[in-house]
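Just so you know, the protein sequences line up as chains F and H, in that order. Each step along the first sequence adds one to the number in our numbering, with nothing skipped, and position 41 is 41. Each step along the second sequence adds one to the number in our numbering, with nothing skipped, and position 48 is 48.
What the hints contain is simulated information worked out from the structure, not anything from laboratory work. Please read these numbers as outputs of a predicted model, since none were measured by experiment. Where hints are given, some of them may not hold.
Listed next, the in silico SDA-like pairs over lysine to any residue satisfying Cα-Cα at most 20 Å (straight line) [as the list claims (entries may be wrong)]:
no.: 1; chain 1: F; residue 1: 66; chain 2: H; residue 2: 58
no.: 2; chain 1: F; residue 1: 18; chain 2: H; residue 2: 53
no.: 3; chain 1: H; residue 1: 18; chain 2: F; residue 2: 57
no.: 4; chain 1: F; residue 1: 18; chain 2: H; residue 2: 66
no.: 5; chain 1: F; residue 1: 43; chain 2: H; residue 2: 50
no.: 6; chain 1: H; residue 1: 18; chain 2: F; residue 2: 18
no.: 7; chain 1: H; residue 1: 43; chain 2: H; residue 2: 16
no.: 8; chain 1: F; residue 1: 18; chain 2: H; residue 2: 51
no.: 9; chain 1: H; residue 1: 43; chain 2: F; residue 2: 14
no.: 10; chain 1: F; residue 1: 18; chain 2: H; residue 2: 50
no.: 11; chain 1: F; residue 1: 54; chain 2: H; residue 2: 10
no.: 12; chain 1: F; residue 1: 18; chain 2: H; residue 2: 58
no.: 13; chain 1: F; residue 1: 54; chain 2: H; residue 2: 15
no.: 14; chain 1: F; residue 1: 18; chain 2: H; residue 2: 10
no.: 15; chain 1: F; residue 1: 66; chain 2: H; residue 2: 18
no.: 16; chain 1: F; residue 1: 18; chain 2: F; residue 2: 7
no.: 17; chain 1: H; residue 1: 18; chain 2: F; residue 2: 52
no.: 18; chain 1: H; residue 1: 18; chain 2: F; residue 2: 7
no.: 19; chain 1: H; residue 1: 54; chain 2: F; residue 2: 16
no.: 20; chain 1: F; residue 1: 43; chain 2: H; residue 2: 16
no.: 21; chain 1: H; residue 1: 43; chain 2: H; residue 2: 31
Covered by chain F, per the in silico footprint, the following chain H stretches (three or more residues, Cβ under 8 Å) [what the hints assert, rightly or not]:
no.: 22; stretch: 2-14
no.: 23; stretch: 30-40
no.: 24; stretch: 55-64
For glycine and all other residues, C-beta sits at the position ideal for the given N, C-alpha and C.
2 protein chains.
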Amino acid sequence: MTEIPLASAERILRNAGKCRVSADAADQLCHHMQDYGHELARKALVLAHHANRKTITAPDVVLAAKDH
Amino acid sequence: MTEIPLASAERILRNAGKCRVSADAADQLCHHMQDYGHELARKALVLAHHANRKTITAPDVVLAAKDH
Numbered sequence: 001m002t003e004i005p006l007a008s009a010e011r012i013l014r015n016a017g018k019c020r021v022s023a024d025a026a027d028q029l030c031h032h033m034q035d036y037g038h039e040l041a042r043k044a045l046v047l048a049h050h051a052n053r054k055t056i057t058a059p060d061v062v063l064a065a066k067d068h
Numbered sequence: 001m002t003e004i005p006l007a008s009a010e011r012i013l014r015n016a017g018k019c020r021v022s023a024d025a026a027d028q029l030c031h032h033m034q035d036y037g038h039e040l041a042r043k044a045l046v047l048a049h050h051a052n053r054k055t056i057t058a059p060d061v062v063l064a065a066k067d068h
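The task is simple: from the sequences and hints, build the whole structure.
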């Protein structure tokens, strides 16, 4: 079970070019995108706390992605 | 407009810890996850073609993520 819908991953793979996509490929991409998201979220939370906030804001995510 | 639902990104951010999440933070995370997904999909397609296939399979995505 992933947070990101399988259909989203399938669309992203299909848009890569003229190709077919196996179901397990879409599932794998889902997991990778989600792991990346969790990693960014964890970093963004640290950055929000660092700025004495309890709310994660867009600049926290932007900076987290730069660190990554 | 992103391929990944805003609600998915919001859940991922909320799961990072006890915090609130601004709407623009979720939007930002969506974009980053999607960009990452597009990058992996592009690499996976190259790897599938390299293996003389027209179908992207899970091992293509796994190897693309290792390269990344």
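Taking beta carbons only, do three or more residues of the stretch 55-64 of chain H come closer than 8 Å to chain F? holds (count 7)
For a C-alpha distance cap of 20 Å, please report whether residue 54/F and residue 10/H respect it. It holds: about 15 Å lies between the C-alpha atoms, which stays within 20 Å.
Holds or violated: are the alpha carbons of residue 18/H and residue 57/F at most 20 Å from each other? holds (14 Å)
CA of residue 18/F to CA of residue 53/H, is that 20 Å or under? It holds: about 11 Å lies between the C-alpha atoms, which stays within 20 Å.
Coverage of the stretch 30-40 of chain H by chain F (three or more Cβ within 8 Å): Per the Cβ count (7), the hint holds.
Against the 20 Å threshold, does the CA-CA distance of residue 18/F and residue 58/H hold or violate the hint? holds (17 Å)
Holds or violated: residue 18/F to residue 50/H, with C-alpha atoms at most 20 Å apart: holds (14 Å)
Hey, residue 43/H versus residue 14/F, does the alpha-carbon distance stay inside 20 Å? holds (13 Å)
Hinted pair, alpha-carbon criterion (20 Å max): residue 43/F, residue 16/H. Please report holds or violated. holds (9 Å)
CA of residue 18/H to CA of residue 7/F, is that 20 Å or under? violated (29 Å)
Would you check the hint for residue 66/F and residue 58/H, treating anything up to 20 Å between C-alpha atoms as holding? Given pair residue 66/F, residue 58/H is violated - Cα atoms ~28 Å apart, limit 20 Å.
Are the Cα positions of residue 18/F and residue 10/H separated by 20 Å at most? Violated, at about 32 Å.
Of the hints listed earlier, those the structure fails to meet are numbers 1, 4, 5, 6, 7, 14, 15, 18, in rising order.
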